[in-house]
Amino acid sequence: GQSLEQPSEVTAVEGAIVQINCTYQTSGFYGLSWYQQHDGGAPTFLSYNALDGLEETGRFSSFLSRSDSYGYLLLQELQMKDSASYFCAVRDRGGYQKVTFGTGTKLQVIP
Amino acid sequence: ETGVTQSPTHLIKTRGQQVTLRCSSQSGHNTVSWYQQALGQGPQFIFQYYREEENGRGNFPPRFSGLQFPNYSSELNVNALELDDSALYLCASRTSGGNEQFFGPGTRLTVL
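Chains as they are written, first to last, in my numbering: chain A, 1 to 111; chain B, 1 to 112.
FYI, nobody ran anything at the bench for these hints, they're computed from the structure.
Just to be clear, a hint being listed does not mean it is correct.
Computed footprint of chain A on chain B; a stretch qualifies when at least three of its residues, placed anywhere within it, have a C-beta under 8 Å from a C-beta of chain A [what the hints assert, rightly or not]:
hint: 1; segment: 44-55
hint: 2; segment: 95-107
Just some of the chain A residues that point at chain B, by a computed CB distance under 8 Å [unchecked claim]:
hint: 3; residue: G31
hint: 4; residue: Y48
hint: 5; residue: T103
The C-beta atom is built at its ideal place from N, Cα and C for all residues, glycine as well.
My request is simple: use the sequences and hints to build the entire structure.
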């Protein structure tokens, strides 16, 4: 099976940089995704890493180290609207490529 | 391009009843997954449908069942509702090889 660990809460100041870590254990790894979910909203896709290294998309970057079973999401130039829950999710190497989500990190951006 | 839609938005049922939740996938997406999300938790995988066949299932009992139709819309059925079934139910669609899942707004189910 799969298990993922990420911090439950993070607080950061507007304009700053924050890193949300994710460690995972899986029987078959295909890739790591990150999703953002505002209170009362649906998860929205942020990024996907299948290979080691950093992927950058605007203010958001995601990193993966397959050998360490570790990844992180980096948010730069934080804005108040970035206050949300962030989930890492592992995609299986199995036949139907099941996606397992972590328990989420609630990010609070303060002025 | 129409996104993923779900109906109803909210639903209140009593213990022991049955419920059907509906999802319309994004155009061109042939794979749909259903998730249960309890308050303060991450989405838990229920099952996945690909071309009208269930091809993967999480740790949910058989009273959770589903269907996918030729137009790739789908249903989640839950029988013999229990209080713990109260949650947000999300469907997500993607192409068969796609990395990005597109989520619907969810159905908030309350079981009394």
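### Message
Tell me the hint numbers this structure goes against, listed in increasing order.
### Response
As far as the earlier hints go, not one is violated by this structure.
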